[in-house]
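A.B. asks: Which chain is which? The protein sequence lines are G and Z, in order.
Using this note's numbering, the letters of the first sequence correspond one by one to residues 1 to 111.
Using this note's numbering, the letters of the second sequence correspond one by one to residues 1001 to 1115.
These are computed hints drawn from the structure, not numbers from a lab.
Below, in silico cross-link-like pairs of lysine-lysine (DSS-like), each with a Cα-Cα straight-line distance of 25 angstroms or less: (1) Z/K1041 - G/K42; (2) Z/K1040 - G/K42; (3) G/K42 - Z/K1071; (4) Z/K1067 - G/K42; (5) Z/K1052 - Z/K1009; (6) G/K42 - Z/K1009; (7) Z/K1036 - G/K42; (8) G/K67 - Z/K1044.
It should be emphasised that the depicted structure is a prediction, and the values quoted were computed from it without experimental measurement.
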Amino acid sequence: QKEVEQDPGPLSVPEGAIVSLNCTYSNSAFQYFMWYRQYSRKGPELLMYTYSSGNKEDGRFTAQVDKSSKYISLFIRDSQPSDSATYLCAWTSGGSYIPTFGRGTSLIVHP
Amino acid sequence: DTAVSQTPKYLVTQMGNDKSIKCEQNLGHDTMYWYKQDSKKFLKIMFSYNNKELIINETVPNRFSPKSPDKAHLNLHINSLELGDSAVYFCASSQEGGYGNTEAFFGQGTRLTVV
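Sequences are here, hints too, so could you generate the full structure?
C.D. replies: Below is the structure:
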């Protein structure tokens, strides 16, 4: 079983839709969870990070962690074409601060 | 101002050649990394340096040799290039934020094509 599963997509949605992006993980040692966004031919950039179970909101973005189910999600409200990118879940574990990445989900928001 | 810059942006070379990729960060961070992103967008850590000292060396062929002359620079030298080395290589830097949380800042990537 892989440590982290993330559907590569692509996920295609119309503008204004609510988008749900997900990762499941198997290692209970995972501590911090992050979502990075990567535009085509650019480096990844941090969107949000969270530690505890629950929700964290930042504008149109909400990160959710359920440690009991080992499930992390990113919700995007009122999606825009400019949100079209690859979204990578990431984590740190064992006291390390070096992020490890999932395979990423490609999101396409069409006008 | 560019925070993490790497050169060159594109690199096309023949099998068997030796090449280097340079990386510089002006964020004052202590830790720098090299990641490799394959054609399926999988981003995998290769090396990590903290204050010029190697702290992570994942299972990477010894044809790959990182060098950190100072904490603002981390270069990657690759000997005897193979077709499978074709990928996008990202340099990144971070400053530990405590309790294992940190933000990694990435360069724009170097797209290496071995022919």
